[in-house]
Amino acid sequence: GAGVSQSPSNKVTEKGKDVELRCDPISGHTALYWYRQSLGQGLEFLIYFQGNSAPDKSGLPSDRFSAERTGGSVSTLTIQRTQQEDSAVYLCASSPLAGAETQYFGPGTRLLVL
Amino acid sequence: RKEVEQDPGPFNVPEGATVAFNCTYSNSASQSFFWYRQDCRKEPKLLMSVYSSGNEDGRFTAQLNRASQYISLLIRDSKLSDSATYLCVVNPSSGNTPLVFGKGTRLSVIA
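Line order of the protein sequences matches chains A and B. Counting in our numbering, the first sequence runs from 1 upward without gaps. Counting in our numbering, the second sequence runs from 1001 upward without gaps.
This is chain A alone, in the form it adopts within the complex (with noise of 0.2 Å):
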């Protein structure tokens, strides 16, 4: 079947202005997250949803980031006021459930703010 989709798979943005990256798990998956990678360096925890609730939140860097998720399918990574130090690749993946041996990981969103 259809593995995790993310859209824009690029996105370029002025500072200051609001994006939205958006994130399709695989049908029937309730575990969905969200990680960040900066060039060369390694996956950053941002955010996880077990069906439409986020148990932990911990990771989002700040309040300029919020995520949701409705239906339990689709969800959208939100920043606002983006800055130069949200430039990064936006991954997302889901599993089955949370903790589950596998996370199948989309083909990530590529974010650069001017």
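Watch out, some of these pointers could steer you wrong.
[Unchecked claim] With a straight-line cut-off of 25 Å between C-alpha atoms, the simulated DSS-like cross-links for lysine-lysine are:
no.	chain 1	residue 1	chain 2	residue 2
1	B	K1042	A	K11
2	A	K57	B	K1045
3	A	K57	B	K1103
4	A	K11	B	K1045
5	B	K1079	B	K1103
6	B	K1045	B	K1103
7	B	K1045	B	K1079
[Said to hold, decoys possible] Over the 12 Å line for every Cβ pair with chain B, so calculated as not near, a few chain A residues:
no.	residue
8	A2
9	G3
10	I47
Simulated from the structure, these hints should not be mistaken for lab results. By construction, the Cβ of each residue, glycine as well, lies at the ideal position given by its N, Cα and C atoms.
Keeping the supplied structure of chain A fixed, place chain B upon it in accordance with the hints.
Leaving out everything else, chain B in the frame of chain A:
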């Protein structure tokens, strides 16, 4: 102490070499362990799980030492296509909690 620590490398090895990566984890209650692989500008993908008794998948062997909280990955007869970043990954509990990813070890296999 970071939850999952790896030597970032890079490891530059010739084709045919054997190379080993190590990883330590801080939470002694961690339940399960994995190696993921991430190619340049691509998303991470599961390479293999790591079982207590050790396990092998072709040229890849994974070992777990719970007493030392240490995980290893051995790659034999390295191929050019093995060049990637290898991520050590830990499930810190038996509940519904996210996996914890190490920052990865970069491998370059050279002809």
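Here's how the hints hold up against the structure:
1. B:K1042 <-> A:K11: holds, 17 Å
2. A:K57 <-> B:K1045: holds, 24 Å
3. A:K57 <-> B:K1103: The given pair, whose Cα atoms are some 20 Å apart, holds under the 25 Å limit.
4. A:K11 <-> B:K1045: Holds. A:K11 to B:K1045 sits at ~24 Å (cutoff 25 Å).
5. B:K1079 <-> B:K1103: Distance of about 23 Å is within 25 Å: holds.
6. B:K1045 <-> B:K1103: holds, 14 Å
7. B:K1045 <-> B:K1079: holds, 18 Å
8. A2: holds, 15 Å
9. G3: violated, 9 Å
10. I47: violated, 9 Å
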